[in-house]
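Chains as they are written, first to last, in this note's numbering: chain A, 1 to 384; chain B, 1 to 86; chain C, 1 to 304.
A hint or two may mislead.
Below, computed lysine to any residue pairings styled on SDA-like, alpha-carbon distance capped at 25 Å [claimed, not checked]:
{"#": "1", "chain 1": "B", "residue 1": "Lys10", "chain 2": "A", "residue 2": "Tyr220"}
{"#": "2", "chain 1": "A", "residue 1": "Lys312", "chain 2": "A", "residue 2": "Arg354"}
{"#": "3", "chain 1": "C", "residue 1": "Lys81", "chain 2": "A", "residue 2": "Lys232"}
{"#": "4", "chain 1": "B", "residue 1": "Lys10", "chain 2": "A", "residue 2": "Ser340"}
{"#": "5", "chain 1": "C", "residue 1": "Lys196", "chain 2": "A", "residue 2": "Glu55"}
{"#": "6", "chain 1": "A", "residue 1": "Lys201", "chain 2": "C", "residue 2": "Asp35"}
{"#": "7", "chain 1": "C", "residue 1": "Lys81", "chain 2": "A", "residue 2": "Lys312"}
{"#": "8", "chain 1": "C", "residue 1": "Lys4", "chain 2": "C", "residue 2": "Thr195"}
{"#": "9", "chain 1": "C", "residue 1": "Lys82", "chain 2": "C", "residue 2": "Lys4"}
{"#": "10", "chain 1": "A", "residue 1": "Lys232", "chain 2": "B", "residue 2": "Ser4"}
{"#": "11", "chain 1": "B", "residue 1": "Lys13", "chain 2": "B", "residue 2": "Cys37"}
To be clear, the hints were calculated from the coordinates, so they are not data collected in a lab. Since this is a predicted model, take the numbers as computed values, not measurements.
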Amino acid sequence: MMRFIEGSLAVSDAVRMCRPDVVSAYPITPQTHIVESLAEMVANCTLDAEYITVESEFSALSACLGAVAAGSRAYSATSSQGLALMFEVCFNLAGMRLPMVMTIANRAISAPLSIWNDQQDSISLRDSGWLQFYAEDNQEAADLHYLAYKVAEDQKILLPAMVCFDGFILSHTYEPVDMPTQEEVDAYLPKFNPCQRLDAKDPISFGMFAFPEYYMEFRYAIDQALQQSREKIREAGKEFKEKFGRDYSALVEGYRLEDAETVLVAMGSLCGTAKDAIDEMRGAGRKVGLLKIRTYRPFPGEEVAAALKGAKRVAVLDKNISLGSKGAVGLEVKDVLYGSGIPVLDYIVGLGGRDMRKRDIERIVTLAEKGEGDLFYGLREEVA
Amino acid sequence: MALSVGCTAKPGKSRGNRTGAWRVFKPAFKHNKCTKCGLCAMVCPEGCIIEQEDEFMIPDYDYCKGCGLCAEECPAEDIEMVKEEK
Amino acid sequence: MVDKTLELFDCGHRACGGCGPALAARLIMKAAGTDTIVVSATGCMEVFSTPYPETAWKVPWIHSLFENAAAVASGVEAALKKQGRSEKVVVIGGDGATFDIGMLCISGAFERGHDFTYICYDNEAYMNTGIQRSGATPLDAHTTTSPAGKCSTGNRRPKKDMPAILAAHGAPYVATTSIAYPNDLMQKVERAIETKGPCYVQIHAPCPTGWGYEGDRTMVMGKLAVETGLFVLFEQTDGTVTRVKKVMRKPVEEYLKGQKRFAHLFKPTRNEAEIARIQATADRNAEKFGIDIKLKKPVEKPEG
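Using the sequences and the hints, build the whole thing.
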């Protein structure tokens with residue numbers, strides 16, 4: 001059913017239909033509307049879950065960890081500082097192979113303090129072993145939750161997943177979103193059936209420590225699961241298309257890539273703006289296309305290479321910066337295109353909520369055409 | 001051996017680690033003045049002092065680290081620590 | 001009733017000989033029984049009991065991080081509730097995990113009122129990392145981060161009153177016990193587990209390596225701590241102290257002099273001032289909890 005709904009509420013309703021047993025979260029802007037909405041559902045018995053009102057994000061994710069280990073489906077949501085406070089637990093969940101889903105309403109990280117959007121928070125957890133999906137709009141944000149649970153809980157994967165959507169830009173924006181019925185979601189997403197859980201009938205020790213003769217193999221196993229998850233995401237995306245009509249069978253999505261000379265690469269809501277800008281540039285005869293990366297972890301290297309192989313240049317828009325190096329997506333794309341001869345130019349954009357408009361996209365394309373890149377785009381005059 | 005998922009294990013595996021090899025002194029259970037009170041078994045940090053059918057206690061030397069707590073605590077002074085012969 | 005023959009903490013663990021915490025683990029599990037899920041914080045006990053693939057635990061057991069055991073337990077408890085399961089949730093953490101780094105998660109879990117028991121095995125310092133001071137380290141104890149020296153008499157602060165902090169959270173049952181009193185320990189753990197809501201048991205667990213005494217003296221040290229009044233065994237129900245172990249009190253010196261961590265108070269010269277400060281701590285404890293066994297006919301003081 002099509003509903004005109006705020007992004008956060010589309011997400012919370014999607015989460016409700018995923019039937020989490022345990023929800024644990026802590027207030028932080030701009031994620032709060034999601035967990036407020038879930039608390040209301042629990043209060044009104046429209047969601048049958050244990051809702052743990054913890055004293056910090058660190059405890060929120062720790063409580064989820066305990067719940068998943070005990071065999072329940074768990075959910076949390078956070079942003080920015082909250083995710084930073086969860087850092088240790090993030091690595092731990094993945095290492096212990098405990099699957100769950102957490103929504104990230106992407107927000108800049110302090111200092112300076114900023115409540116506005118960029119993707120530095122979730123990007124900073126890229127090495128933690130979580131699957132990471134980035135939504136372009138609220139439809140995708142809602143849909144990715146069903147898919148994320150399905151992939152995360154697959155017996156061959158067993159890894160936690162983040163569904164990232166841009167704070168305020170998506171979380172607080174009303175858009176039409178097609179919401180499935182509970183029956184449709186139940187038919188797509190099976191009950192959580194862990195291969196091992198804390199259970200007095202079959203006692204198992206979880207979270208042991210590993211000597212050097214074992215540690216590397218456990219880390220290898222996590223990497224292998226992430227590598228294999230590409231195929232699971234494709235399968236789950238294909239099934240999603242069959243059941244709901246929207247196609248998530250690829251980890252990336254191309255827009256007007258045919259004969260494109262300059263290809264933009266981006267993640268999240270920026271893709272919508274880029275598509276409009278591309279339409280205008282195409283109208284003016286400029287051969288520009290977009291490659292949207294929906295799945296950042298595992299990184300879809302093969303798809304990216306295949307999509308970019310005809311490009312004359314690639315302009316990556318990064319809403320994050322690995323300080324002292326480059327943007328995280330830019331680095332990945334440079335790696336994938338190494339040896340191809342295709343220049344990859346990285347642009348750090350939109351940090352801390354700096355607006356990115358169509359004209360900015362157009363200016364970046366112009367810069368790329370001149371070979372000027374690997375820079376912070378649109379800095380104030382006094383520092384430029 | 002295949003690795004477990006997420007570094008887990010089922011019970012019983014710690015018995016593969018024979019801590020008896022650490023021992024320098026060994027508790028000799030003399031069973032002369034023993035009153036079968038069971039305190040030695042209760043205070044053993046290894047839990048390796050086992051009651052026999054005759055209710056006398058015997059340590060499992062595969063795991064006894066030779067800490068001497070049992071000998072120190074024995075109210076009948078019936079356990080003697082002797083140098084381990086290897 | 002506690003089944004004293006039950007062994008749920010297996011042989012083959014890698015604790016030092018005479019380890020107080022290892023004994024605590026055994027006794028806790030005798031009292032807790034098989035229908036228990038244990039959540040451990042990082043620390044000595046976690047490390048010596050679970051090097052992959054050798055686990056000493058015969059019950060379901062989970063370790064996540066150093067500071068989050070109470071939060072993990074909250075999640076486990078919530079999941080069990082949702083699934084309609086009956087297992088009891090028991091957290092076991094050392095004093096570092098409890099008094100210091102895990103304080104936030106513990107406070108949150110107690111305030112929320114989860115049905116679980118938090119057990120702290122208190123060996124009065126960070127032993128796993130090499131004997132650094134914690135909030136549970138007693139006054140004047142030498143540790144590697146509170147060393148005694150020319151201008152230091154060791155740890156500068158008295159032990160934090162953790163039971164009072166958790167009692168202030170409205171915990172229905174708070175108790176202290178010691179490995180030196182196994183029956184007391186098992187009884188209190190059992191009572192805590194049977195009491196609905198968040199309960200706290202602090203187990204004094206002497207550490208031969210960290211305190212500097214021979215492993216066969218672990219029980220002796222535990223008893224002396226109680227007999228000198230430096231560690232009081234009590235039970236508190238709904239905020240009221242309901243039971244206290246009474247003793248014929250010994251001078252604190254008898255406890256201090258057997259441990260290397262207090263050796264600087266006696267050599268090269270006796271530090272009377274500091275020994276008196278520690279004695280004063282014991283005296284305050286004795287008065288606060290009324291632990292002194294009073295003779296029926298008090299000896300009359302001579303006039304004048």
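Outcome of the hint check:
1. The suggested pairing of lysine 10 of chain B with tyrosine 220 of chain A holds, with an alpha-carbon distance near 22 Å, which does not exceed 25 Å.
2. With a CA separation close to 29 Å, the supplied pair lysine 312 of chain A and arginine 354 of chain A exceeds the 25 Å bound.
3. Taking the CA atoms of lysine 81 of chain C and lysine 232 of chain A, the gap is near 32 Å; set against the 25 Å cutoff, the hint is violated.
4. Between the alpha carbons of lysine 10 of chain B and serine 340 of chain A the distance comes to roughly 50 Å, so the proposed pair goes past 25 Å and is violated.
5. Between lysine 196 of chain C and glutamate 55 of chain A the alpha-carbon distance is near 22 Å, which keeps this suggested pair within the 25 Å criterion.
6. Between lysine 201 of chain A and aspartate 35 of chain C, the direct Cα distance comes to roughly 8 Å. Compliance with the 25 Å bound is thereby established for this hinted pair.
7. Only pairs whose Cα atoms come within 25 Å are accepted, and lysine 81 of chain C paired with lysine 312 of chain A is rejected, the gap being roughly 59 Å.
8. Straight-line distance between C-alpha atoms of lysine 4 of chain C and threonine 195 of chain C comes to about 20 Å, which keeps the hinted pair within the 25 Å bound.
9. Restraint check: the Cα-Cα separation between lysine 82 of chain C and lysine 4 of chain C comes to about 32 Å, which exceeds 25 Å; the hinted pair is violated.
10. Distance restraint check for lysine 232 of chain A and serine 4 of chain B: the Cα-Cα separation of roughly 21 Å lies within the 25 Å cut-off, and the hinted pair is therefore satisfied.
11. Taking the CA atoms of lysine 13 of chain B and cysteine 37 of chain B, the gap is about 30 Å. The hint is violated against a cut of 25 Å.
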